[in-house]
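Protein chains in written order, with my numbering: chain A, 9 to 453; chain B, 9 to 453; chain C, 9 to 453.
Treat the hints as calculated values from the structure; they're not laboratory data.
Possibly wrong hints are sitting among the right ones.
Where chains are identical, the list cannot tell them apart; a pair therefore holds if satisfied intra-copy or between any two copies.
Using 20 Å as the maximum straight-line C-alpha spacing, the simulated EDC-like pairs for lysine to aspartate or glutamate come out as follows [to be verified]:
id : residue 1 : residue 2
1  : Lys307    : Asp424
2  : Lys231    : Asp427
3  : Lys229    : Asp356
4  : Lys308    : Glu428
5  : Lys237    : Asp356
6  : Lys308    : Glu426
7  : Lys308    : Glu436
8  : Lys307    : Glu436
9  : Lys229    : Glu428
10 : Lys357    : Asp134
11 : Lys237    : Glu436
12 : Lys359    : Asp121
13 : Lys359    : Glu425
14 : Lys308    : Asp424
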Amino acid sequence: MNHKQLITGLIAALLAVVGLSAPAFAEVSGETAYVLNTLLFLMCGFMVMFMAAGFAMLESGMVRSKNVATICVKNIALYSLAGLMYYLIGYDLMYGIDEGGYIGSFSLFWSPDDAAALAEEGANFDAGYAATSDWFFQMVFVATAASIVSGTVAERVKLWPFLIFVCFLTAIIYPIQGSWEWGAGWLDAQFGFSDFAGSTLVHSTGGWAALVGAIIIGARKGKYTSDGKINPMPGSSMPLATLGTFILWLGWFGFNGGSQLALGSGADAVAVANIFANTNTAAASGVVAAMIASQIMFKKVDLTMALNGAIGGLVSITAEPLAPTMGLSVIIGAIGGVLVVVSVPLLDKLKIDDVVGAIPAHLVCGIWGTLAVPLSNGDASFGGQLVGIIAIGLFVSIASAIVWTVLKFTIGVRADEEDEVMGLDRAELGMEAYPEFGSGGSQRL
Amino acid sequence: MNHKQLITGLIAALLAVVGLSAPAFAEVSGETAYVLNTLLFLMCGFMVMFMAAGFAMLESGMVRSKNVATICVKNIALYSLAGLMYYLIGYDLMYGIDEGGYIGSFSLFWSPDDAAALAEEGANFDAGYAATSDWFFQMVFVATAASIVSGTVAERVKLWPFLIFVCFLTAIIYPIQGSWEWGAGWLDAQFGFSDFAGSTLVHSTGGWAALVGAIIIGARKGKYTSDGKINPMPGSSMPLATLGTFILWLGWFGFNGGSQLALGSGADAVAVANIFANTNTAAASGVVAAMIASQIMFKKVDLTMALNGAIGGLVSITAEPLAPTMGLSVIIGAIGGVLVVVSVPLLDKLKIDDVVGAIPAHLVCGIWGTLAVPLSNGDASFGGQLVGIIAIGLFVSIASAIVWTVLKFTIGVRADEEDEVMGLDRAELGMEAYPEFGSGGSQRL
Amino acid sequence: MNHKQLITGLIAALLAVVGLSAPAFAEVSGETAYVLNTLLFLMCGFMVMFMAAGFAMLESGMVRSKNVATICVKNIALYSLAGLMYYLIGYDLMYGIDEGGYIGSFSLFWSPDDAAALAEEGANFDAGYAATSDWFFQMVFVATAASIVSGTVAERVKLWPFLIFVCFLTAIIYPIQGSWEWGAGWLDAQFGFSDFAGSTLVHSTGGWAALVGAIIIGARKGKYTSDGKINPMPGSSMPLATLGTFILWLGWFGFNGGSQLALGSGADAVAVANIFANTNTAAASGVVAAMIASQIMFKKVDLTMALNGAIGGLVSITAEPLAPTMGLSVIIGAIGGVLVVVSVPLLDKLKIDDVVGAIPAHLVCGIWGTLAVPLSNGDASFGGQLVGIIAIGLFVSIASAIVWTVLKFTIGVRADEEDEVMGLDRAELGMEAYPEFGSGGSQRL
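Construct the entire structure; sequences and hints are all you get.
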């Protein structure tokens, strides 16, 4: 032990006697760390919030113009409802769970206790961050899960029944499965299941709810003809779809980077930086892999494949964006991009009508990303990951099926055939998204 | 008094003798706080800057395609002029005011004194933040006020006269009323008027200027027929209007969060976090309330009502985003959303033609939000709030009326009837916003 | 010497004996500075990343609708390839250079050494920031340079050859010239060349590559008729072009602000704040100057000139956004705005077909901004700046010409005439960007 260690050790020991941590010779002080941790949640939170706009633009670009205004209403409404539901019940249901438990507490109206904590004598910032900043960050995540559903079931689901489904998803279904892992429930405690930023908890959860919805609601009228043909229904605006994808990519830095949950030390800063780089690298290789795969499979590059390749790469790296080297991130993202290109025609063969390709990008790549965690993270096992994927998949699918089915046989989930042909914008909202351009799409099937 | 308090108290007392504050055992150091405060201004400032893009998209989506390029020019030009005017004269006029005063100093060319301050021996960062970071943050606010006007008077106001109005608004009108409260002038000193982030100072100010402009300029040709009918003139692109609203929502975290003016302590971090959550919650309940209200009143959901519901909720919480509980934020935002839905047809009855619905969202909800401050903030009184609303309303309305009227009787503010029918894009810019789509809208009224 | 200085001096002296820096009475601690520096890179980095979306929207709005999907593919693919190439080889080639050297190291697969550094005993954060955060920040810069090219050569360059060019630009050409200055190579060491955030290193580099490409590939079919007429080919969506410009403006705060490379002290915070204000001011005056210039020269305001005026102002201030007063920033930006308006018709006279006006905004203003550095920065000389401009201009032009020419005479760079008339979207991607609006633009020349 040298002089330096001797003296700093002595000072620390003396201070410990009176219950203080070592002075900030070169470290981050407790209060500074509290501020920086909170800042990470808020900054990454507003980036994830903006993903709501990304989904809105991606979906606006991928539906036909006769349904664009409706998809816009759905997106702003679902983001709003997610926030209200998570305040009303979701957050406590997700994080008010006993360690190793199966379900959290059903208390209403979450309310932060920061002010009380800070007002106490000798407040020492041990909580690490402002409670509300964590609420905000977790709230934007639940909105993301709901956004995934709206794209898949677009162009035929009715507005209010869809929004009721969103309420159940964000208030009950998402928080319960989330509590199993991020709330430190049974999946975390018994199986060491590992999902850093939510390949399974957010993306597959949205994907399962979307898949079950697509099956129960059925395909769009005319999408699959009786003689086995697939009728392409190209989206109305490719630049909006592209913009949406770029916004999602931007938001994903917050999604994965904020999931480090701390920026109060040099080690945290290094972690967030590595997460940013790995996230970008996986997305980039997802794009390139999807372009090459579609050039090989379809003899041409398809823009929507490139866009979904980016999302596929992003979802794939989300379960473990910290541990991989950049080289491994390239591989994980590339496989995600290829999976998207392979899965899209497969879904069509099964006559599952996914308007924006959300199931390949979010569900398939979510599973892949979760399975890839043990490649770089020694704390995770292939078996544990599989248990988590299956448990959450079963729970979300069954719960979603119940809600969709009850809606179907009560108020109905599907627009009338006539309304679907006319377009939901005129049928449900009495308006057009582009009233001056051509037919506004409303005369088309 | 325990050991810990004894020792830290002793150290603090000893240091006080030589004029130092207590060492950073667990606190944020003075320079770190200076950096964090500055960072808050810069981060929140760029978010508010992006609101200029939000307004540009919202307004582009809400006008007919024949006027889209013109509204784009107006938006980028007004943001630019606001920045130049605030540098030229506005900032000093707003903040160079004596406490309790009525008007600030008319000095030209604001210039920061940071470098000088830091170069002084023993610089101690007591200023709290870089002077220019505050200028930047305040500058993007004045641009917001100007953006509100462009939407209301769109589709018939001429380009250059509009921009001259913007110069007066951002150089003179906004700074004078702003100085009364944020510059610590008479409204703040005598009446305890409270407006945290600008429900009145920014949003109502823009709203009054817009209302007076709409009355003096008159409605669009054909909007109100002589037999009392209202001719709907639907906007050209609903997804762009939706995108604009999401961008505004995003920027509002900076608008309200940055108005805490500090991030240099744990308490500040808690405050900013609470502001983020309340801001989001009020917007979310504004959307849902507006959707329900329009379903009840008009028997259908209207996208533009949902979008303006978000803005109405945001404006409503802006006067006091810190003190309310999240539950109260739900209520404040919901009332804002309903006020929008109620006010839009009211304005039409008065034949006041507000193209984007800015007056309901920014003026009506700005008044409501300002009146709601005493519900959670004991330092504000209903009477004091009313004085502020009326004083600023009168001043901005009269000053705006003078400028609009002088413009009207000199160079004219309104496009020729022929140009209005043809569209301002071809008339004023000689171009079309969408030259390849349908008629480009130019053959329509 | 007063008491305070005596005591703090004593403490510092004692600590120095054991090799520690002074305790954080009022300073930023070493680890806190490390976190804040890293945060600046990450925050500014994601803002610059979003510029990729800005370029995509600007270019989508400025090309005709028959080429919009292709320009979207190009933009997301070039951003992806830039990131992969910079990881593969570019970063080491740029920063692995000896001081005063001419070329960096050709090592493959950059990999950060943060974890190793932090794991060392007595890690002291002397590196200043997480290595990967710097990689991320520099990576988004190289993508910007590539984005500039895609706009100029749009509507006639083939997809895959363009992407091969991007690989060479981002893996080899950009890093080599960048190493000369930012890697501390010969331009920095011998000539005191100064380019704070890349007027020359990023924007002119992109501009030269675009100019050479435009000359070698040739103008769009029908753009310049044999009788000397210029056929205007107006862009398909002005609001998307406007949105793109606003996004670029937003991202530029990160571009210039992050180039301070540190936020770990009060002085750094002041610097970043001044950079934000100067950046905004130059852009604002660029817009106003371009509008006035186009009103005078063409008797009308042109939206695309206003937009490119913003970019011209931004590029002009980029070489030195820190040292100028705000007044000088107004002048530098205004000259940039005027240069854009003057250069656009000049290029047309030379029959150089630049679809989005990238050469005036990025190359011409990049040269102007670099030459303007000595006006405020005494360390730079007019001669040294000229050497840098010429050296980089020659290198990038010659290297780009070689790559473009080899591509031209091997796989070909230009779409068939038939494909160009039909539009690249149908020819290369087999899709349309706006399949429901009018003709989708595909019947037009």
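For each hint, the structure was consulted:
1. Lys307 <-> Asp424: between (38 Å within a copy, 18 Å between copies)
2. Lys231 <-> Asp427: within (16 Å within a copy, 30 Å between copies)
3. Lys229 <-> Asp356: within (14 Å within a copy, 40 Å between copies)
4. Lys308 <-> Glu428: between (31 Å within a copy, 17 Å between copies)
5. Lys237 <-> Asp356: within (10 Å within a copy, 49 Å between copies)
6. Lys308 <-> Glu426: Close across copies (18 Å), not inside one copy (36 Å); limit 20 Å.
7. Lys308 <-> Glu436: Cα proximity of Lys308 and Glu436: across copies only (7 Å, versus 38 Å in one copy).
8. Lys307 <-> Glu436: For Lys307 and Glu436, only the inter-copy Cα distance (10 Å) is at most 20 Å; the intra-copy one is 40 Å.
9. Lys229 <-> Glu428: Within one copy, since 8 Å is at most 20 Å while 35 Å is not.
10. Lys357 <-> Asp134: For Lys357 and Asp134, neither the intra-copy (55 Å) nor the inter-copy (58 Å) Cα distance is at most 20 Å.
11. Lys237 <-> Glu436: For Lys237 and Glu436, neither the intra-copy (29 Å) nor the inter-copy (24 Å) Cα distance is at most 20 Å.
12. Lys359 <-> Asp121: neither (50 Å within a copy, 49 Å between copies)
13. Lys359 <-> Glu425: For Lys359 and Glu425, the Cα distance is within 20 Å only inside one copy (18 Å; across copies 39 Å).
14. Lys308 <-> Asp424: between (37 Å within a copy, 16 Å between copies)
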